[in-house]
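Participant: These protein sequences, in sequence, are chains A and B. Sequential numbering from 98 applies to the first sequence in this note's numbering. Sequential numbering from -13 applies to the second sequence in this note's numbering.
Since the hints were derived computationally from the structure, they do not count as laboratory data. Don't be surprised by glycine CBs; every beta carbon is placed ideally from N, CA and C. Treat each hint with caution, since some may be false.
[What the hints assert, rightly or not] With a cut-off of at most 27 angstroms between alpha-carbon atoms, the simulated DSSO-like pairs for lysine-lysine come out as follows:
#1 B/K165 x A/K201
#2 A/K201 x A/K295
#3 B/K301 x A/K355
#4 B/K303 x A/K99
#5 A/K99 x A/K295
#6 A/K205 x B/K127
#7 B/K3 x B/K270
#8 B/K270 x B/K290
#9 A/K355 x A/K205
#10 B/K165 x A/K205
#11 A/K355 x B/K290
#12 B/K165 x A/K355
#13 A/K355 x B/K41
#14 B/K127 x B/K165
#15 B/K303 x A/K355
#16 B/K263 x A/K355
#17 A/K205 x A/K287
#18 B/K41 x B/K3
[Stated by the list, open to error] Now the stretches of chain B that chain A is said to cover, found in silico as 3 or more residues with beta-carbon under 8 angstroms:
#19 15 to 26
#20 129 to 137
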Amino acid sequence: MKIVVCAKFVPDATADRRFRPEDNTVDRAGVDGLLSELDEYAVETALTVKEAGDAEVTVLTVGPEQAADAVKKGLQMGADAGVHVIDDAIHGSDAVATSLILSKALAKLEADLVVFGMGSTDGSMGVVPAMVSERLGLPAVTLGSEVTVDGQTVRIRRDGDTASDTIEGTLPLVLSVSDQANEPRYPSFKGIMAAKKKPVQTWSLADLEISPDQVGGSSAWTEVVEVTARPPRSAGTIVADEDGSGAAQLVEFLSTNKFL
Amino acid sequence: MSNVLVLVDHTAGKVRKTTAELLTIARRLGEPVAVFIGEGVQDALPALGQYGATKVVALTNPELTQFLVAPKAEALQQVAAKIEPSAILISSNAEGKEIAARLAVKLDSGLITDAVDVAAGDGGPVTTQSVFAGNYTVQAKVTHGTPIITVKPNAATPEAAETSPEVEEFDVSISDLAKTARITESKPREATGRPELTEAAIIVSGGRGTGGDFGPVEAFADSLGAAVGASRAAVDSGWYPHAYQVGQTGKTVSPQLYVAAGISGAIQHRAGMQTSKTIVAINKDEEAPIFELVDFGVVGDLHKVLPAATEEVTKRKS
Ligand SMILES: Cc1cc2nc3c(=O)[nH]c(=O)nc-3n(C[C@H](O)[C@H](O)[C@H](O)COP(=O)(O)OP(=O)(O)OC[C@H]3O[C@@H](n4cnc5c(N)ncnc54)[C@H](O)[C@@H]3O)c2cc1C
Ligand SMILES: Nc1ncnc2c1ncn2[C@@H]1O[C@H](COP(=O)(O)O)[C@@H](O)[C@H]1O
């Protein structure tokens, strides 16, 4: 079975994330980045499936030069191969365009099982898996908190707002997993060394027969008009409960602000 | 005036508050046409009329609800082909976002998710989103196709505008391709009797600091008529169900009042609550980052502070 994990390179959430003033796109070049933590759960799922049977795991990322780090992390965790789609024309692509690029690459890779994270930690739209499924005409079982692959059947448990559902589909299929699905492994020393020898292919838009005007900022179907940093919250009142008056002061605050 | 499609969010005809919000927003952009999928359209009619739906398109094909979202996206595409809306509004929950994603590809249209506000603009709707853990506000618009926008709960205050919409039954045909992901079992969640997390005006959340006992958190929440939330640490420890997790991989909430008890205030937690109007924290560590956000904070043990506060609130209220 061919498993492909779609993994995104994102700015580090614990560092300073910002926009490029010239075009209001997420600054991916000037900041520290990493494999989106939520995609580690996808890599882990793929590796678990592989370990239970016979499969080859490829990590696929679309992004700038530094995005190679996302592929590398996947290989260190245990994936077998990597594909990095990189092209200057991709900068500024929105989810619709990203899903086009991923779909073309997935078709070329002839994936049986495509695994996604639940959402990227920067854009966090959580829409790319459904878009890819739509484009490839494959079933999608999404937001799995528990995943079982049983021959050709993929079954997930999804914990929704009003119900906990069991959902299934038949391979080939698109799967996305939540951060409840597993505990992603850390790369071992052996894994880190082995990753250096694993094959990574670099593809351009031309390799995928996508014309540059189908993607990128100039053809994005959404446009950011304005970006405003949120004003810092003004310092609040902090009281110590040493003398046991904390609760009374808290309730007084709630009362003054009409929450009672 | 142009038509604006609103996908009705309901359970068996009971319309959720988010739909009233979507209809209110739709009226800013044009004439709201409600699309109702499933059983119970007659029960839903009064609520849809109250918030200004000019027409209700009812889709009752049972296949629409047996399978995952793909059939709903096909149905909306067929409705859109007939109505030719100037925008499509969908609730920003997991299902809504997936329907919107598929629809965007089908209609060759731009998609904006998680809008916290939508206004009419010169070239179509202008949305407001809160991004990067709530640290930035972004204004955006769709520049291609029919704007598809998913809207978060509490994005607007529902404003009544009585109409008496007609129900138009609409036949849709669902392709075999859309029927490939099956729901084989569905276990409804037990109702708690508390307000729904994303819609609540007040939320009291507990974290690792509860030590696993959510009793004081729930009691304080009940004294205030609040919803209960939890940090991921509390959820991962099995102390509270995942459906109540607040944060990046849980719910994003924006209540009038958010109370964090025994929660440190990690960036991923902030991402889900930073835009709350008023923030209160109880934490025994005065260095906890949550105190950077608060309007009012108590440095103390939640096991002492919450029960005392609950008692005081109950006393004042009676
Ligand atoms: C990809 C990713 C996604 C994530 N998504 C989320 C998310 O959606 N939501 C989320 O919440 N987290 C999320 N996290 C986890 C997040 O980073 C933190 O680990 C988590 O929020 C910590 O929960 P906590 O504040 O309850 O626990 P801790 O950080 O352990 O804090 C517990 C706090 O309780 C205080 N305390 C202890 N005892 C008491 C007492 N008796 N009385 C008062 N105070 C006390 C302590 O001083 C401390 O500040 C995510 C992490 C990652 C990597
Ligand atoms: N540029 C990208 N490269 C590879 N995978 C991606 C990319 N963007 C999104 N994805 C995948 O799509 C999922 C959802 O992304 P999003 O819709 O942006 O929240 C992520 O968890 C990834 O698995």
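Participant: A separate judgement is required for each hint: does it hold in the structure or not?
Facilitator: Each hint, compared with the structure:
1. B/K165 x A/K201: Holds: B/K165 and A/K201 sit about 23 angstroms apart, inside 27 angstroms.
2. A/K201 x A/K295: Given pair A/K201, A/K295 holds - Cα atoms ~23 angstroms apart, limit 27 angstroms.
3. B/K301 x A/K355: Holds: B/K301 and A/K355 sit about 16 angstroms apart, inside 27 angstroms.
4. B/K303 x A/K99: Distance ~63 angstroms between B/K303 and A/K99 Cα, so the pair is violated.
5. A/K99 x A/K295: 16 angstroms, holds
6. A/K205 x B/K127: 33 angstroms, violated
7. B/K3 x B/K270: 37 angstroms, violated
8. B/K270 x B/K290: 11 angstroms, holds
9. A/K355 x A/K205: Roughly 60 angstroms separates the two Cα atoms, so the pair is violated.
10. B/K165 x A/K205: Cα-Cα ~25 angstroms, so holds.
11. A/K355 x B/K290: Given pair A/K355, B/K290 holds - Cα atoms ~23 angstroms apart, limit 27 angstroms.
12. B/K165 x A/K355: 51 angstroms, violated
13. A/K355 x B/K41: Measuring from Cα to Cα gives roughly 39 angstroms; hence the hint is violated.
14. B/K127 x B/K165: 33 angstroms, violated
15. B/K303 x A/K355: This hinted pair holds, its Cα atoms lying about 12 angstroms apart.
16. B/K263 x A/K355: 13 angstroms, holds
17. A/K205 x A/K287: 30 angstroms, violated
18. B/K41 x B/K3: 19 angstroms, holds
19. 15 to 26: That given contact is violated, which follows from only 0 residues of the region 15 to 26 of chain B lying within Cβ reach (below 8 angstroms) of chain A.
20. 129 to 137: Answer holds; 3 residues pass the 8 angstroms Cβ test.
Of the numbered hints given earlier, the model fails hints 4, 6, 7, 9, 12, 13, 14, 17 and 19; all others are met.
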